[in-house]
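Colleague: Chain residues, written in single-letter form:
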Amino acid sequence: MSPEEVLAVVNAAANVSMEAYYWWCTAIMVCIHAGFMMYEMGVSRSRNVLASGVKNILAFAFMIPTFFLFGWWLYWAYGTGNIFLPDASAEFAQYYVPWSDGMGPNLQDGASGVFWAAFTLFAATTASIVSGSVIERIRMGAWIILAVLVGSVVWIIGAGWGWSGGGWLVTQWGYHDVGAAGVVHMISGFFALGILINLGPRVGRFNADGSANELRGHNAPLTIAGLMIIIIGFFGFLGGCLIYPAAMAGTAADAGWLTIYGSPATLSSFAFNTLMSFGGGIIGAYFITKDPFWMMSGALGGIFCAAGGLDLWYPGTAFALGFLGGVVIPYSHKVITSWGIDDAVGAVSVHGTCGIIGVMAVGILLGGYPAPMEGVPPITFTGQLVGAISMLLLGFIPGYVVSWILKKCGILRVSDALQNFGLDEAEIDTPSYPEFQRSQ
Amino acid sequence: MFNSSPVDSWEGAAAIFNSAGSTGVTIWFLITIALCIIPVIAAIKHDNKADREHG
Chain G
134 MSPEEVLAVV
144 NAAANVSMEA
154 YYWWCTAIMV
164 CIHAGFMMYE
174 MGVSRSRNVL
184 ASGVKNILAF
194 AFMIPTFFLF
204 GWWLYWAYGT
214 GNIFLPDASA
224 EFAQYYVPWS
234 DGMGPNLQDG
244 ASGVFWAAFT
254 LFAATTASIV
264 SGSVIERIRM
274 GAWIILAVLV
284 GSVVWIIGAG
294 WGWSGGGWLV
304 TQWGYHDVGA
314 AGVVHMISGF
324 FALGILINLG
334 PRVGRFNADG
344 SANELRGHNA
354 PLTIAGLMII
364 IIGFFGFLGG
374 CLIYPAAMAG
384 TAADAGWLTI
394 YGSPATLSSF
404 AFNTLMSFGG
414 GIIGAYFITK
424 DPFWMMSGAL
434 GGIFCAAGGL
444 DLWYPGTAFA
454 LGFLGGVVIP
464 YSHKVITSWG
474 IDDAVGAVSV
484 HGTCGIIGVM
494 AVGILLGGYP
504 APMEGVPPIT
514 FTGQLVGAIS
524 MLLLGFIPGY
534 VVSWILKKCG
544 ILRVSDALQN
554 FGLDEAEIDT
564 PSYPEFQRSQ
Chain P
323 MFNSSPVDSW
333 EGAAAIFNSA
343 GSTGVTIWFL
353 ITIALCIIPV
363 IAAIKHDNKA
373 DREHG
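Line by line, the protein sequences give chains G and P. One point on numbering: in our numbering, the residue at position 152 of the first sequence is 285, and numbering is uninterrupted. One point on numbering: in our numbering, the residue at position 20 of the second sequence is 342, and numbering is uninterrupted.
Wrong hints could be hidden among the right ones.
Under the rule of at most 30 Å between Cα atoms (straight-line distance), these lysine-lysine pairs were calculated in the DSS-like manner [claimed, not checked]: (1) G/K423 / G/K467; (2) G/K467 / P/K371; (3) G/K423 / P/K371; (4) G/K423 / P/K367; (5) G/K467 / G/K540; (6) P/K367 / G/K467; (7) G/K541 / G/K467.
Derived list of chain G stretches under chain P, where covered just means 3 residues or more per stretch with a C-beta under 8 Å from a C-beta of chain P [unchecked claim]: (8) 391–403; (9) 413–424; (10) 501–513.
No lab work stands behind these hints: they were computed from the structure. All C-beta atoms in this analysis are idealised placements derived from N, C-alpha and C, irrespective of residue type, glycine included.
Starting from the given sequences, assemble the full structure and let the hints guide the process.
Modeller: Structure follows, in structure tokens:
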């Protein structure tokens, strides 16, 4: 065989293995949604279990066509440096309009479909993060609108800004967030906070004097198992955050894995630091609470605290950051509850607070790492601070404004009477446990 | 804030984690050990308390 023929065979094999890699990352990411569904159903009281499940399933389902129709296009249209308006003239934005040759079976393009699929699952993850906060009192129609907004519009604009080699946060500020602590978790956490302010608490959550009542879910084991399933899913998510070497086989950049920014990385660094922060989060939350709900939430929070620098942490640092996340989330949740906000699963704390830690830890501890491209600043504290503020505002403002509009239209919140009656029988027409007496 | 990068360029880089090759790693190593030991002590105390109160 000639050298050219050998290269062609190598490229073909590499591209097929790349497709397979993202295919399986996507499949594993479905576990995030299975886990969130179990988690939310467990946290719900027995009269609302199926309604919480349906809400979660619908968010996932609506994300798929909407991310096909405009979400994927938005990523590329914001990935060339624009802040406010999308750049429709960008090369890949033109290539990824939903009627183009790249957005369907194409024998010359094996990459687009699997990349789109992985990003669609990232998008669905943002909606699932918000989903748990609002259970037991949000109306289904409003929820679908808000889920599509966060998953197929808001977070993907953030990804264009700070999770692509050409985004303005990256090229102007050296923003570094490989595991999406800000892009996914901060945006989703603060989007949820914006909604919760308008949505109000579940009936019975707060007393007239402002003190809070604990509305215990009907199935703690389901909740805890669901959290563990989410963590399995995050291995697919974080694996999907890396660029497979074969995507550029035959070019100068084909030596190994790359981060989303194009800097060199290894899957091993993600393995070290994901597991260490996972362990740290559980141990930190155990140290503070002894409560398995917070321990498993701590595992998630721990990973998010290390997510921004998964490619660069010394594993001991990732462990300490995870520990910090596990310690912080119960307190952060207490503070948010003291404001009269009913976050049913602590998502604002686990994703929002830990997302801030994840972004700012990179600025505080990883200063000076060079950017992969000429003319782009290295990692700095200021760059990460600008990124954190941008992600916070990008998440909070649309969540608040659109839920306020839905509230004014009278389609945001389930009536108090219906909340007391139970959403399963009212909306689904099926009790979740027909052979057992339901809790009140 | 803390410049912990062991590399100035990606060309030929090997160990790229924060503080690689410096005393910073020793500090993080000791912190990791401490964060493992302290919760074990807390767990023992918690067990003893539960035993006293309910045993």
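Colleague: Starting from G/K423, check that the Cα of P/K371 is at most 30 Å away, please.
Modeller: Given pair G/K423, P/K371 holds - Cα atoms ~13 Å apart, limit 30 Å.
Colleague: Tell me if chain P covers the segment 391–403 of chain G under the three-residue, 8 Å CB rule, please?
Modeller: holds (count 3)
Colleague: Is the hinted pair G/K541 and G/K467 satisfied, with a Cα-Cα distance of at most 30 Å?
Modeller: holds (29 Å)
Colleague: Are there three or more residues in the segment 413–424 of chain G whose C-beta lies within less than 8 Å of some C-beta in chain P?
Modeller: holds (count 6)
Colleague: Next pair to validate is G/K423 with G/K467; report whether the Cα-Cα distance is within 30 Å.
Modeller: holds (16 Å)
Colleague: Between P/K367 and G/K467, does the CA-CA distance stay at or below 30 Å?
Modeller: holds (25 Å)
Colleague: Does the alpha-carbon distance linking G/K423 and P/K367 stay inside the 30 Å limit?
Modeller: Within the cut-off at roughly 12 Å; holds.
Colleague: Verify this for me: three or more residues of the segment 501–513 of chain G with a beta carbon less than 8 Å from a beta carbon of chain P.
Modeller: holds (count 6)
Colleague: Would the hint linking G/K467 and P/K371 be met if the CA-CA limit is 30 Å?
Modeller: holds (25 Å)
Colleague: Holds or violated: G/K467 and G/K540, Cα atoms, limit 30 Å.
Modeller: holds (26 Å)
Checked against the numbered hints given earlier, the structure satisfies every one of them.
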